[in-house]
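Asks: Read top to bottom, the protein sequences are chains A and B.
Residue numbers for the first sequence follow our numbering, beginning at 1 and rising by one.
Residue numbers for the second sequence follow our numbering, beginning at 1 and rising by one.
Since the hints were made in silico from the structure, they are not lab data.
Hints should not be assumed to be uniformly reliable.
Subject to a maximum C-alpha distance of 20 Å in a straight line, what follows is the list of computed DMTMM-like cross-link-like pairs (lysine to aspartate or glutamate) [claimed, not checked]:
1) A/Lys59 with B/Asp45
2) B/Lys35 with A/Glu224
3) A/Lys135 with B/Asp61
4) A/Lys168 with B/Glu202
5) B/Lys34 with A/Asp242
Just so you have them, the derived chain A footprint on chain B, three or more residues with Cβ under 8 Å [as the list claims (entries may be wrong)]:
6) 83-91
7) 94-108
8) 154-164
9) 271-284
The beta-carbon is built from N, C-alpha and C at its ideal position, and this holds for glycine as well.
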Amino acid sequence: MADVANLERIASQVRRDIIRQTHFVNSGHPGGSLGCADFFTALYFEIMDHNPDFNMEGKNEDVFFLSNGHISPVFYSVLARSGYFPVEELATFRKIDSRLQGHPTTHEGLPGIRIASGSLGQGLSVALGVALAKKMEGDSKTVYALTGDGELQEGQVWEAIMFAAHHKVDNLIVAVDWNGQQIDGPTKKVMALGDLESKWKSFGWEVLHMNGNKMTEVLSVMAEAKEKSGQGLPVVILMKTDMGHGVDFMAGTHKWHGKATNKEQTENALSQLEETLGDYPYNEEI
Amino acid sequence: MSSTKTVSALEHLVATEKKATRDGFGAGLLEVGKKNDQVIALCADLIGSLKMNAFIDEFPDRFIQVGIAEANMMGIAAGLAIAGKIPYTGTFANFSTGRVYDQIRQSIAYSHKNVKICASHAGLTLGEDGATHQILEDIGMMKMLPGMTVINPCDYNQTKAATIAIADHHGPVYLRFGRPSWPVFTTAAHKFEIGKAIHLAEGSDVSIIATGHLVWNAIEAAKILAEDGISVDLINIHTIKPLDNVAVLKSVSKTGCVVTAEEHNRIGGLGDSVAQLLSTKHPAPQEYVAVNDSFGESGKPAQLLEKYGLGVADVISAVRRAVARK
């Protein structure tokens, strides 16, 4: 049985890491990162069978692809906290000569990253390639991917969705970060996504729902997704999240999509998030 | 000037038959598939055009039909490469580059994935389909990507050899070839080495540095020029990036002027790569045989090459201009 309380403790620290990473460089994307902290924590500390002694090919282990690369702060935090690279390195986020680029990249050799992402719409295709290779190799592990909901406005995503069903890529579990927000405002106003469940279903996917900010539900629905995989259909989880979740003044608005907290706001935010694993040291000189 | 020596230097450059470079790709793909079981072929609904049938017949489980979805194909290829496969993507040059530039940039080039982007129907010689399909900017787009290798072979045998050779090169490759039947003058046994120019003929008055289909036009031009006593140092550049700087500088140092010839826009192609090298290392008069910053149109390949200034006569007049500027 998963230790839910412990996962929640980790998620709280991940949220602190997100606030601190973005604050120290006064840039980055805290809103979506906070909303996905529970999902990432569950993936890297409970769900995935993965090896922090990073190997690019990811053979015989579960692998994860982040398509909406701008939420890199949450990705970097869970990678560091689960042992891929030193937690201290989070202090270099978005700084010159860092492996922690604004958007994730393989170019600097950061363990845990298998593809660059940031230009939206490309991650599902890449995940498909790895999933196909796993099938060719008889590797029974699972490929996970996360895409934003606004990102579904990119046409390439639907090319990938169509392909996955046609080719029965059933070792792929995709989550949609359904926070209803994008840079210019609510997705409903910017470019309505319509009936997402019907859309994915009609493209031939198994569709599940979950509240991505409730750890028990994340664990149970992800387990259900795993059970549904391997049966001929790719699986998608429409994951309702609250952008900015965990910090009261940041929650539920697109305002913090790509904006860091100032000193006062940072103190306020951190006061709402328990330090459970120890903050990474921050030295202005780094 | 005696032309006897020059003529004899060109005597071995004879076309034995005509075959399309895309057929060379198809044959090479089958052969590299037999040699290396990590090779996977992908296609975006153009199997016949890309001559992929033989590979698919032999290795049905190592072929992925992507449908008309080139962006997705590039991403899938990147994913296959992550997992250790050697994916060869197949579609027209236009849809292999401009249509998917950002996918190649982020998921393949920046991510340094071992993807082989195989692009047929490049340039004007696509013919009747017209300008929507006749890409003349692809070499420029691809060579600007850091880490991308750009190869544009000249005939069937060279395309086949290149298709096989790129599997052993770890990193992204853009392999460009074409649709029409074209003279075959290299031998099946000729050595293909990525980044290594092929010195076709020794000459002293002018260097012609040509790539792709235009190599044959350069050969024909050189033969005519030899009759007039102009001795051409003839180089086949199949790899545009990385450019064989040593071969180019050695030739131009000897001849003192150069003509570059390519089935591409004059902006951003082989000519610009040569000019960039010469301007910093060995300034010399250079003339371009290339499309003059325009789109193409429908027509027969030979008509198009002539109309857009890529014919044998155009190579000859460029040589005369270059020599006159020495």
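Asks: Compare the structure with each hint and give your call.
Replies: Checked hints:
1. A/Lys59 with B/Asp45: Measuring from Cα to Cα gives roughly 30 Å; hence the hint is violated.
2. B/Lys35 with A/Glu224: The hint is violated at about 42 Å.
3. A/Lys135 with B/Asp61: Satisfied, since the Cα-Cα distance of roughly 11 Å is no more than 20 Å.
4. A/Lys168 with B/Glu202: With Cα atoms ~57 Å apart, A/Lys168 and B/Glu202 exceed 20 Å; violated.
5. B/Lys34 with A/Asp242: Distance of about 52 Å is beyond 20 Å: violated.
6. 83-91: Three-residue rule met by the segment 83-91 of chain B, so holds; n is 4.
7. 94-108: Holds, because 5 residues of the segment 94-108 of chain B bring their Cβ atoms closer than 8 Å to Cβ atoms of chain A.
8. 154-164: violated (count 0)
9. 271-284: violated (count 0)
This entry does not satisfy hints 1, 2, 4, 5, 8, 9, going by the numbered hints stated previously.
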